[in-house]
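**Student:** With the hints as extra help, turn the sequences into a complete structure.
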Amino acid sequence: MISTFDNFIKGFLAVLVGLVGYYFVATILSSAAEEKQPPVPREQPINLDFGPTTKRADKVYLHKATFEYECVECHAWQERDPSPREFIGEHSKMNLEHGSLKTCFTCHHETEYDQLVDPRDGSPLAYNKHVSLCVRCHGPVYKDWKYGAHGRRGGYWDKSQGEQTRTECIICHDPHQPAFKPIAPLPRPGVARGAVHAPSDEPHTRVGKLLKHKPIPKTVRGPAIVEWEIEDTYDE
Amino acid sequence: MSDSNDLIQIGRRSFLKNASVAVAGVSGTVAALSPLKEVVGDFDVESWLQQHYHELSEDEMKDVLARLEAEAKETYGTDIKVRDVKPKEDTKFAYALNLGVCVGCRKCAYACEKENNVSRSPGMQYIRVLEMEKGGVNLETANHQYEPETVPKPDKYYMPVQCHQCDKPSCVKACPVNATWKEPDGIVVVDYNWCIGCRYCEAACPYWARRFNFEKPQLPKEEINPNTSYLSNRPRPVGVMEKCTFCLHRTREGKYPACLEVCPTGARVFGNLLDPKSEIRYVLQHKRVFVLKEEVGTVPNFFYFFEAQS
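In the order they appear, the protein sequences are chains A and B. Reading the first sequence from the start, the letters are residues 0 to 235 in numbering that gives the first Met the number 0. Reading the second sequence from the start, the letters are residues 0 to 309 in numbering that gives the first Met the number 0.
Note that these hints are calculated values from the structure, not bench results. Don't be surprised by glycine CBs; every beta carbon is placed ideally from N, CA and C. Be careful, since some hints might not be right.
[Said to hold, decoys possible] Across the chosen pairs, the derived CB separations fall in these ranges: (1) GLU222(B) <-> PRO174(A): 33 to 43 Å; (2) PHE289(B) <-> PHE179(A): 22 to 32 Å; (3) PRO83(A) <-> PHE289(B): 36 to 46 Å.
**Tutor:** Structural data, given as structure tokens:
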């Protein structure tokens, strides 16, 4: 009996020694491992814009060779042509793809060159009041915009606590080509961008070294059902 | 005397026998315990003894917040502010998203990642943008790994999915330790210090809105958002669940969530469901909204609508 009890004590002591030893070894190893891998800065930071980049202009100028020209400086001596026409001269880079609109003077005033036109009575309308021109055709969208279902918002949803910013039509839409142009999407999720880990320690790289996976199936949960196929790299 | 006799009687053979047993015991124990090293990490008595969020008094909460700030300083080397932002009265948050104008640029997902201090590697974003076939809402053929040169593709539409803050949240029912619950303003939150990491909630969620920290969160020091709150975007430990909280540290102070502010097409609408003049109420009253997976009965507070505007 005594010897069994003795062995039990010995075993218990061995386990205790093992625990203490493990604690020390693990602590030393983990601290050494942390020192080995300094974080690597990202190669390409993701740039996000948290507000529209264009500002609303009160008046329009032509910027050319560091000079500012007013519209009237050219148009005063050019003939007015109300017919549908090509863009020429300084406007040749423009493209008019705005529904069925084909003529300049649908929106621009015929004689007051730096102003828009109010389609109700033909009177001039300042550029910063362009919303009241757009609304003449886009009534339903204007209503949505006014009550918050259309357009970009920012700041505070609770107007009692702070200012709410909302963008006007031409800040997001180019009035000559109002449809949004296609843009490049940001990288897909799950891809280590740049490296926060040291490159060799990147979890996906680690797996990727040994395994080559088939194309990711198109499921909602993504790469959940991936059939792995082992690539023979053990010979090296 | 008998004790000393016993000691003397240990011969070479018995010593070797016992020593080999001891060595086997030690190595066996080390091998058996080695996975624990990954799980336990830096053991902290105070966080281990911390009470549930609902049982913390104000003074205890102050200590906890100070401790979390110190931990973040030690881990990431930067000063952050951890607050406990309480819900506002007469507020219930809801979200609407116009699928007719979403272009699938994924800016919302990255703005969210930045705002909420989500681990950058492996990238587990709260918002997944699904590329869908036009003509129906078919999640079986949806793809969230799309990588075209430009979006939108003409034959596709894009559906961002994040936490729907359901009124009958299946994730809350699934949690065995009450580490996740629904706040009075409708946000489903997680107490990261109470979560045991069983991932039942992730399995229960029909929208795949919950994420698990398999690794210690990787955050570059210069990209950490210092404005944090206990229940939302404070730095998380490894092995806990986390999720979208509609940026409650922003929205409970009247601001818009980050995903809405960054959206270049203005597809997102956010507001207080209890305010009849709010933007979200206008959308619910005037648009044909639908919810995703209505048949599962979770009653989400996240609405989609199609509005081809001109």
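**Student:** Report the numbers of all earlier hints that the structure fails to satisfy, in ascending order.
**Tutor:** Result: no hint breaks.
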